[in-house]
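**Student:** One-letter residues, chain by chain:
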Amino acid sequence: METVAVKKKKKEKPVPFDYSNYIRKGKLPHIWCPGCGHGIVLKSLLRAIATTGRPNDDFALVSGIGCSSRTPGYVNFNTLHTLHGRALAFATGLKMAKPNLKVIVTTGDGDALAIGGNHFIHTCRRNLDIVIMVYNNFIYGMTSGQFSPTTLPGMIATTSRYGNIDPPFDVCKMAEAAGATFVARGTAYHYGELEKILYEAIMHKGTAVIDILDSCPTYYGRFNKYKSAADMMEKIEKEGTVSVKQADSLPLEKLEGKLLRGVLYNKERPEYTAEYAKLVEKAGGSKPK
Amino acid sequence: METVAVKKKKKEKPVPFDYSNYIRKGKLPHIWCPGCGHGIVLKSLLRAIATTGRPNDDFALVSGIGCSSRTPGYVNFNTLHTLHGRALAFATGLKMAKPNLKVIVTTGDGDALAIGGNHFIHTCRRNLDIVIMVYNNFIYGMTSGQFSPTTLPGMIATTSRYGNIDPPFDVCKMAEAAGATFVARGTAYHYGELEKILYEAIMHKGTAVIDILDSCPTYYGRFNKYKSAADMMEKIEKEGTVSVKQADSLPLEKLEGKLLRGVLYNKERPEYTAEYAKLVEKAGGSKPK
Amino acid sequence: MADKKKKFMQGNEACSEGALYAGCMFYAGYPITPSTEVAEMLSVRLPKIGGVFMQMEDEIASVCAIIGASLGGAKSLTATSGPGFSLMQEGLGFACIAEIPCVIVNVMRSGPSTGFPTGPSQSDVMQAKWGTHGDHPSVVLTPATVQEIFYETVRAFNLAETYRTPVIVLYDEIIGHMREAIALPEPGEIEVIERKKPTCKPEEYKPYAQSNGSIAPLAAYGEGYKFHVTGLYHAEDGFPTNNTKLIGEANERIVNKINKNADKICANEEFYTDDAEIGVVAYGVSSKSAKFAVKEMRKKGVKAGLLRPKTIWPFPDKAVNKLAKQVKAILVPEMNLGQVYYEVERASKGQCEVKGIFKVDTEAIHPNQIIEEIKKFT
Amino acid sequence: MADKKKKFMQGNEACSEGALYAGCMFYAGYPITPSTEVAEMLSVRLPKIGGVFMQMEDEIASVCAIIGASLGGAKSLTATSGPGFSLMQEGLGFACIAEIPCVIVNVMRSGPSTGFPTGPSQSDVMQAKWGTHGDHPSVVLTPATVQEIFYETVRAFNLAETYRTPVIVLYDEIIGHMREAIALPEPGEIEVIERKKPTCKPEEYKPYAQSNGSIAPLAAYGEGYKFHVTGLYHAEDGFPTNNTKLIGEANERIVNKINKNADKICANEEFYTDDAEIGVVAYGVSSKSAKFAVKEMRKKGVKAGLLRPKTIWPFPDKAVNKLAKQVKAILVPEMNLGQVYYEVERASKGQCEVKGIFKVDTEAIHPNQIIEEIKKFT
Amino acid sequence: MTTTETEKDLPRILIYEELCKGCDICAVFCPTEVLELKGNMMTVKNLEACTRCQLCDLRCPDFAIQVF
Amino acid sequence: MTTTETEKDLPRILIYEELCKGCDICAVFCPTEVLELKGNMMTVKNLEACTRCQLCDLRCPDFAIQVF
Amino acid sequence: MGYRYEMRFSGSGGQGMILAGIIIAEAASIYDGKMASQSQSYGPESRGGASRSEVIISDEEIDYPKATSIDAMLAMTQEACNKYNKDIKKDGVLLIDSTEVKNIPKGDYKVYSFPISTVARDELGKIIVANIISLGMIVELTKIVSHDAIEKAVLSRVPPAFLELNKKALQIGFERARDLKPLS
Amino acid sequence: MGYRYEMRFSGSGGQGMILAGIIIAEAASIYDGKMASQSQSYGPESRGGASRSEVIISDEEIDYPKATSIDAMLAMTQEACNKYNKDIKKDGVLLIDSTEVKNIPKGDYKVYSFPISTVARDELGKIIVANIISLGMIVELTKIVSHDAIEKAVLSRVPPAFLELNKKALQIGFERARDLKPLS
Ligand SMILES: Cc1ncc(C[n+]2csc(CCOP(=O)(O)OP(=O)(O)O)c2C)c(N)n1
Ligand SMILES: Cc1ncc(C[n+]2csc(CCOP(=O)(O)OP(=O)(O)O)c2C)c(N)n1
Ligand code: SF4
Ligand code: SF4
Ligand code: SF4
Ligand code: SF4
Ligand code: SF4
Ligand code: SF4
Ligand SMILES: [Mg+2]
Ligand SMILES: [Mg+2]
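Protein chains in written order, with this note's numbering: chain A, 1 to 289; chain B, 1001 to 1289; chain C, 2001 to 2378; chain D, 3001 to 3378; chain E, 4001 to 4068; chain F, 5001 to 5068; chain G, 6001 to 6184; chain H, 7001 to 7184.
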């Protein structure tokens, strides 16, 4: 899709995607700041959901607390906005009680990886069929800009005025090591790639983790002297990443300091609700009506 | 050392290691059940500490709650027996307040990886100079035998009477992905190898994680039809593992289903207290007297 | 000759039987002494009926999971003890504000912190009311026998569904591990209240609608209603609000739906209180010692009487106040250093002397200790 | 012309200044509105004096880290708000039983659960006493002005060291975010109590030794004493014990060291209470409204008086009881649905009417609301 | 909502005023510099140049712009 | 504590009765079958065979056996 | 009001004292139609150490489930015997396993001594059935439940493979107790 | 007892209303030797939405830090004006930014209207100094703090690079307010 941008004067009339089936009436504008990447991520998700062709009621969106975690409030699904860091625990209960729901967790780098780190690794371990979208903006946006477990060393935040010394997690590496069976990275800038990844994640049976590079111009941008929201997208999301497909053909020095985009890991392994169903059978039980 | 066992009639008079400098007077016998591997692990640790030649007061042993977490009560160091899962959080505070202490955390598979999973990954991420010994007996011993996040599928525990369906963590993989800079696996059976690993871990500057295969004959053993404590050591620790050194020269089929023993990962990366000291310098501060 | 209807079982087992009787289909928990048997038994029983047993990574996850499951339509339960109960407090508050029914069992052990894990106490009873931050409703039941654990667990589910709120079943290690023969009622023999689900059109569904104090039905996710649930203050439609008036009303409503129905939720056993001149207010295991003591005193002609709350929160203010009017003194034996004692003091309004009998050495209060105190007032 | 000694600052800033004044060298926390400024300021200031600022992965880790640091010899602090405070409860109990000094600040917001994060409330005041499981000591200070936040934070550290116990500083969002000019005392101007360290030989050191109620000195790790600390009940030497007598005594001791010293720990402001006929008991932000109201009433000749606890736990039973004897009624304005109100009711023992003025819409109680109520009793 | 003329074959660009927060993302990433921020509001400066590539819509975080 | 004779060059095997829990680990892993469990207590059955390899000590979880 | 019969089974963790209590309480309540409650206490590790199990039998609701004045007690170890003998009532019964208990406490009650563990090991080849032998003995000595009830209760609690063994243990208990005289 | 002067600064998040309150309170308390307290309230996100900042100035300890009866209020947006004008006292002052506030509320107080934002943008090239202009105006209109104090307070709160700009903004505020007449 990106390539469309360079073709000049291609004036066929495409129909813009209609979000109205997915956005709750009267809930826009959302609370996100001007230029906040969360809205772009949300739109990619909605298009991905549309592609599945499944009815809205088949989906549950669960979140914790944070700017990113405000996602569920705007969309027309079964939506649950919970406690900081605990989205996955709530989602686990919901998914086990209603295995046919497709549960998508929209969470932030703080929500998923700071306070919520334990639920993150355990959900991955179980390989429970949940899509985990980490809106990774390298900062705690909601509480006005403290460093997070993905903030890079040296960066400024309200609690790292001298430059951050905490090393960051590699979300994808962690997810894979913990047991997730679908691991990918996308960015808000690469909205189309992200949409495709999210579609695959939804179709995947098992825990799918997507590390989504995203931007908080209000805090991370301002503190770290990015000129604008677009500047952040350009530098962090576009120039800071390279797609797995391109990576093979690039010389090593071009890859340095860049994060890989795309599906990084994708394996089949028994999924938890399926395993549980077998357990029930073994115990002689059957799902009641 | 293992090889000594097969040399017959080697009757030189070795001096048995004297633990009395490290064991608190009057505290033995310990509470561990007959045949519990925790005692063997502890002894390896004490010999490793002795090798460093450092005085006892240089060491702090911190633990959570569990049978394994009872370790500190028996030994003559600065010892702290805390809350279930929180040993690393206490240890972090202690280490930062007194960076010269060598802090060793003795924890269980439940303590470190179930309830304590978040502190585990974050300590690794920071690369804080702490040794984390996971006494991994695949079960919650202290609470009488529920399955843990390392229990293998199919195994019986009091909460998995039909056979466990939860997939296990690979402790070493997780530790490395989270950022630990020294990652190793040992067993109680291979007491000598373990002692060496622990010595290296103590000398390492940064987070060192040792996954120690260990046995709980009382629950894991009894529920899963192991004949004795020795039988468990034989099957799980001896036959179930292969050392990294041997692994290279073994055919693939011999490695199947076996866990690697030895130092699996060892890298230098800035350590947290050292980075913090630099931060203090940058801020114009200096450690007060 | 065996009594077919009776089964000999442990308190914790009676709890899981009660849960199953009430229609519990989801359990999530993390092992902890002395509550673990509830989990262990349900791990065997639930799969047999297609229910879910989950051993979570910790207690925080456990309480969150049962709330999630409840939103999936399942009656759900977790069981824990002191340290785990402390960790569940934030989640408990979420269930309160979001009004999600669920049941939490706390088998009290000796604390604070790790304390003496295998020793009994009654020292979480104030925590059960005040443990989470913010003003919130509290419904806490304190059964005193194995049989009653069964009944009160069923009642806990019923109250949770009726009032759309978390309900806590609180008993101590002694009762949790004690064994007695109990009667398990046939299905239908005691009331089981099912969740009220909406019947309106999805577009019209307001999950927090208020019409003169009635409690809105709660849809399950995935059944066509697509509603929103949040731990932020929200309006009738479930969406967050900044309107301070609505915020104030929302908070009052969730607290008042319990307080205003206190009479319906409270349940006391009155034992020789009619003509009592010396009162004892006791719950749980201490009420057993107290009953023993009261019986002994009555044998000796002393007019002692026992008021035993089966619902400790909302607190039986009226019953205590009535007793205070009538007696010289109220004794409050508790396996703690004074908790319900303060409530009795409050509710008595200075009308009689109130004296605590406290014990925290992990041994049950001996009836003689109560007898001695009663004697002082004769 | 500028007043050199005065600095214009926020309540939360005054808190961090107080901590620094008291010698705090370690902060661990996790950001949460409306307490975050304490962390933000200390993240800049602590490194400048070689102190440690840690942003932990969550609040559980934060409270545990400050306890660990305290055992390393550092005076230590964490600050949080409702949800984080709920998560800290288990750790708080550990500090109680292991008797490790530390200070926890809770800047109250509107709850339960996420509630209305930027809105003030006073609804964690009962939780501050009862939030953790098991019987435990509670010391909770409730400053009401920016200047007082400074003083009370210093006092919190002093009490923590004196009694070897965690101390909670509890104020609300309004005071936390309010700005006033305050005077920062010179070093030495107000008392700072340092930790009593052992002077005996290491072999003789008993970290929990008891000689007629005195509190044992606390060594730091790595300074030659090599002692053991556990959250299990322990004997004088710090090692776990199964001895039920020792367990009971240990629990009573940690609670009584506070309760028996309540007179020393309590601190009240009495404002026109001498001849008051109508009393108001209020703390924190509501005491500001109350003071305004009392002043207004006095202008009108009405004999109103305010009792303002600066230490809310232990509760000032005696002062309230004394007031109750003297007045027709006590009003208790609180930004919650009734918490300290119950305590006032209890301590008043029916000697006067007790009436709550509750408000939970995240707006401060308006003085007129209190004035109206006072008028009803004139 | 402002909308550009649709006469002839020109694209129709809809900017929802009540939604646009003026972040400038659409303008910066528009390959043909069709858009321009005025104050806090996005506006169309050069409709002719529009290729209907939709990049503006796809990267708008606020559901505030559509091109037909 | 039981201790075997030390006459001649024979090893001296110390078993601390108050510590031994009779887990049998030392006996099972003794390469020369020197040890034998009797009831709940480890005993020496064949001192002659002892190579002083210390394996029994090193694998004893209970600090209960030493060989000199 | 009715009677209240109090029993205590004590020994070390793992000797089956809790099970013994459960079985006799079940015998009384399920098979003999009485009321019975069983409770226990143990150390912080829920393993090892002295352990005790208490049973109250009555013809009416049992309020207080712990022993107040003990009618009959079993002590399988010296530690348990020392720690728990205090509450035995006048003319009560104390049965000790003479294999383990060497110092016999002095009191106003009848002490019966028998080498229970030795018999279990030597005659039945399984030390773990010592608790069942003791049950037989206690029942015979106290007559608090019927032979029939205790047998049913025992058999309902043991795995099928061990039915015969336990039946035999119970019988041995009955028999040996029949002629046993209290120490004087 | 002394006087109590209440002020409210209202606008939308990001317009510097809280800073305006801080500066005037600091001017009063640090530079003019009075007592002052400043407080605020904002939405759940601590970003965006209507925001208000309140300042109480007095010659004695300030008990209640919130407005009860407002002496002077600033409204920079219509929303804020509508939401917060209620408590202005009789004969109080309301200053509105006429660039934004079109519907002027009716009340028993004096309303001053001035295109503050427009002037900030057009004359100073920086819309963000609108709050400083308003400060100058409010001070001029109310005389609640001295020119000297407010200037010191402003300059102590702004980065060095912006000293001149803010000085100028303040002066503009003083000047334009001097001849401003209330709407009638
Ligand atoms: C228990 C608890 N602790 C802390 C907070 C405060 N808090 C709310 S959101 C947040 C961080 C959000 O960061 P992230 O998840 O990265 O989301 P973002 O706002 O950046 O999208 C924090 C610390 C809270 N609500 N609850
Ligand atoms: C908050 C809390 N939850 C649960 C427990 C109960 N508990 C104590 S130890 C333990 C598990 C111990 O397992 P592990 O760490 O593997 O140690 P092991 O006993 O196997 O050595 C549990 C669940 C507790 N003490 N605290
Ligand atoms: S604060 Fe940052 S993350 Fe939050 S809405 Fe604003 S830009 Fe987005
Ligand atoms: S229960 Fe298991 S882990 Fe615990 S002491 Fe016994 S054998 Fe060891
Ligand atoms: S459709 Fe493409 S060319 Fe047209 S305005 Fe949008 S980004 Fe520019
Ligand atoms: S991207 Fe959207 S919100 Fe941003 S300026 Fe363009 S239309 Fe407005
Ligand atoms: S030292 Fe070696 S040979 Fe001797 S008893 Fe021990 S294990 Fe056997
Ligand atoms: S290994 Fe140790 S405890 Fe086990 S039998 Fe041998 S000496 Fe005894
Ligand atoms: Mg973030
Ligand atoms: Mg374990």
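No wet-lab data here; the hints were simulated from the structure. Watch out, some of these pointers could steer you wrong.
[What the hints assert, rightly or not] Computed cross-link-like contacts, SDA-like style, restricted to lysine to any residue with a CA-CA straight-line distance of at most 20 Å:
1. C:Lys2300 to G:Ala6177
2. C:Lys2322 to D:Lys3325
3. D:Lys3006 to H:Phe7114
4. D:Lys3325 to D:His3366
5. C:Lys2322 to C:Thr2244
[Claimed, not checked] What follows is a set of in silico ranges between Cβ atoms, one per label pair, in the way DEER data are often shown:
6. C:Ala2262 to H:Ser7184: 34 to 40 Å
7. D:Thr3199 to A:Gly163: 39 to 45 Å
8. D:Val3044 to B:Lys1254: 35 to 41 Å
9. B:Thr1052 to A:Pro270: 43 to 49 Å
10. C:Pro2187 to A:Pro270: 34 to 40 Å
Just so it is clear, the structure is predicted and the values come from calculations on it, not from any experiment. Glycine included, C-beta positions come from ideal geometry on N, C-alpha and C.
**Student:** Please go over all the hints and tell whether each is borne out by the structure.
**Tutor:** Checked hints:
A distance of roughly 39 Å separates the Cα atoms of Lys2300 (chain C) and Ala6177 (chain G); the hinted pair therefore is violated under the 20 Å criterion. About 23 Å separates the Cα atoms of Lys2322 (chain C) and Lys3325 (chain D), which puts this hinted pair outside 20 Å; it is violated. For the suggested pair Lys3006 (chain D) and Phe7114 (chain H), the alpha carbons sit about 35 Å apart, so the restraint of at most 20 Å is broken. Only pairs whose Cα atoms come within 20 Å are accepted, and Lys3325 (chain D) paired with His3366 (chain D) is rejected, the gap being roughly 27 Å.
For the proposed pair Lys2322 (chain C) and Thr2244 (chain C), the alpha carbon gap of about 39 Å is over 20 Å, so the pair is violated. Between Ala2262 (chain C) and Ser7184 (chain H) the Cβ separation comes to about 58 Å, which falls outside the hinted range of 34 to 40 Å. Separated by about 43 Å at the C-beta atoms, Thr3199 (chain D) and Gly163 (chain A) satisfy the suggested range of 39 to 45 Å. Between Val3044 (chain D) and Lys1254 (chain B) the beta carbon distance is about 58 Å. The supplied range of 35 to 41 Å is therefore violated.
One distance hint, 43 to 49 Å for the beta-carbon pair Thr1052 (chain B) and Pro270 (chain A), holds here, with the actual separation near 45 Å. A C-beta distance of roughly 35 Å is found between Pro2187 (chain C) and Pro270 (chain A), which places it inside the suggested range of 34 to 40 Å.
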